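J.: If you read the protein sequences in the order shown, they are chains A and B. So for the first sequence, this note's numbering puts the first residue at 1015; every next one is plus one. So for the second sequence, this note's numbering puts the first residue at 265; every next one is plus one.
Take the hints with a grain of salt, since some may be wrong.
[What the hints assert, rightly or not] Heads up, incomplete: computed chain A residues facing chain B, CB under 7 Å, no partners named: (1) Ala1088; (2) Arg1094; (3) Arg1096; (4) Met1099; (5) Tyr1113; (6) Glu1122; (7) Cys1124; (8) Pro1248; (9) Phe1249.
[To be verified] Label pairs and their computed distance ranges (CB to CB): (10) A/Arg1121 to B/Arg293: 40 to 48 Å; (11) B/Leu306 to A/Gly1079: 31 to 39 Å; (12) A/Pro1016 to B/Leu512: 49 to 57 Å; (13) B/Ala496 to A/Arg1080: 34 to 42 Å; (14) A/Thr1183 to B/Arg501: 24 to 32 Å; (15) A/Pro1258 to B/Phe309: 44 to 52 Å.
[Stated by the list, open to error] Selected chain B positions facing chain A (in silico; Cβ < 7 Å): (16) Leu375; (17) Glu395; (18) Gln396; (19) Ala399; (20) Met403; (21) Ala404; (22) Val405.
None of these hints come from the bench; they were simulated from the model. Bear in mind that the values here come from a model prediction, so they are computed numbers and not experimental data. Ideal placement from N, C-alpha and C gives every residue a C-beta, glycine not left out.
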Amino acid sequence: MPIVEIKNVSFGYDPARPVLRDINLAIAPGAVVGIMGQSGCGKTTLLRIIMGAYLPSRGEARVLGRATSSLDTAALYEMRRRMGMLFQFGALFTDMSVYENVAFPLREHCRLPASLEHDLVMLKLQAVGLRGAAHLMPTELSGGMARRVALARSIALDPQLILYDEPFTGLDPISFGVIVRLIRSLNDLLGATSIIVTHDVQEALDVVDYVYFMAGGRVIAEGRPDDIRSSPEPFVNQFVNGRPDGPVPFHYTAPAYAADLELA
Amino acid sequence: MEFAGFRSRLERLGGTVTSQVWRIGFASRFLVYLVLHSGTALRRFRLTVAQVYFAGVLSLVIILVSGLFVGMVLALQGYETLQRFGASESLGVLVALSLVRELGPVVAGLLFASRAGSAITAEIGLMKATEQISAMEMMAVDPIARVVAPRFWGGVISMPLLAALFSAAGIFGGYLVGVQLIGVDAGAFWSQMQAAVDVRNDILNGVIKSLVFGIAVTWISVFEGYDAIPTAEGVSRATTRTVVTSSLAILALDFVLTALMFTGGNH
Chain A
1015 MPIVEIKNVS
1025 FGYDPARPVL
1035 RDINLAIAPG
1045 AVVGIMGQSG
1055 CGKTTLLRII
1065 MGAYLPSRGE
1075 ARVLGRATSS
1085 LDTAALYEMR
1095 RRMGMLFQFG
1105 ALFTDMSVYE
1115 NVAFPLREHC
1125 RLPASLEHDL
1135 VMLKLQAVGL
1145 RGAAHLMPTE
1155 LSGGMARRVA
1165 LARSIALDPQ
1175 LILYDEPFTG
1185 LDPISFGVIV
1195 RLIRSLNDLL
1205 GATSIIVTHD
1215 VQEALDVVDY
1225 VYFMAGGRVI
1235 AEGRPDDIRS
1245 SPEPFVNQFV
1255 NGRPDGPVPF
1265 HYTAPAYAAD
1275 LELA
Chain B
265 MEFAGFRSRL
275 ERLGGTVTSQ
285 VWRIGFASRF
295 LVYLVLHSGT
305 ALRRFRLTVA
315 QVYFAGVLSL
325 VIILVSGLFV
335 GMVLALQGYE
345 TLQRFGASES
355 LGVLVALSLV
365 RELGPVVAGL
375 LFASRAGSAI
385 TAEIGLMKAT
395 EQISAMEMMA
405 VDPIARVVAP
415 RFWGGVISMP
425 LLAALFSAAG
435 IFGGYLVGVQ
445 LIGVDAGAFW
455 SQMQAAVDVR
465 NDILNGVIKS
475 LVFGIAVTWI
485 SVFEGYDAIP
495 TAEGVSRATT
505 RTVVTSSLAI
515 LALDFVLTAL
525 MFTGGNH
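Could you put the whole structure together from the sequences, leaning on the hints where they help?
T.: Set out below in structure tokens:
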């Protein structure tokens, strides 16, 4: 049974202009799945539907076996305890140390003896290579380190489903490589399922098992990374190869150039 | 033409009024939700104590120094007037009553709004802008219970204590100027004060005022922070609104409370 199943989902803040149109996807347990597309194509909105932050206007979103629209707050929180989420810039709590950030979900949800809590936090920090940074404050971390701490925090409760919102944005090549490797290894070690929302296509294609490609609120292509690389769909081709002109035009819609310069 | 212009102005006015009423309703529901979800803040009282430190202890310097100066000025001005009527011995009463009934709660409230209230709004607003609030929700932790409620109760606890300390510092300032500098008799200063200041009518009413101001200021501060547009500009506007709205609320509430407490037969 899929861990996440989106069936005919449409969503819009304004019914006249839907952000998502008739989306279908099914994510199998254990997979690392990419949701890719341009900025503004609706991929972050789709992620929020999966988180249960938004409810579909039409269709059904089933996450971890339950329809999100059937959940009350308590059941939604219960579901989220089985999910981890890495935000774009980490969203670490700036008034807490690295250790306290990772310990936060444990302290909120479990009553653990201090020694066990310490061991668990160290285990998670060791997994992202930052055990030595436990005493630092978030302001003392580089962007890449902050993202790794946030990753350690999101796996603190051993989630079944890990969501990544643009995890690669603004990282240097080394941090980039570290995050890519961690996403894969943590997914496989924890036996979790991961969903990565990103527009860093080339790098993400190296780590994912399956890709959904979105444009204009629809899924326009899906398949294994190799299928996407060799996709005949002009938009996917332009996007994957980073061509400046194509179905997405280089020029923003404008009146004729000559007319604008008053030459005609 | 004339009519169309009038109509559009009327519509704008109506729109503003409706949106303000809507906002007050939203803020009231927010307060009810906040109070109902205060379990965490009370059960894990350490969270609230930390906020008493941030809102209260860190405001001590400005409160004590301001209180001292206000008391000193009161003594100078009060002496000037009282001696014309040969009543300069009553300086202690004047200083103490002014502070305990009015200036303590009001000025401490205004200082509290600009020192602690603005900090609370900015902190919650920035937590929202940097997705810390969303992250908490994703970790199945209710941010109103975990972040907002401890700050609310921390502020509500701090405010009456700060107002009391403001009054105490003010009375000491009045003593320094009145007795030490001007030379009013120390015995008269203290004994007249003791005889004239009533525990229920003066001190208790002052404490009630400061408690009401504390609730109002902290409610406005946490609401503005939580409702802020999550951008740099949005947070800065919310912070300004906190200080302006809190100050006006304190002055308006002070009038209402004074009218209820000090007129109409309870003396």
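J.: Among all the numbered hints in the text so far, which are the ones the structure does not match?
T.: 1, 3, 5, 7, 8, 9, 10, 15, 16
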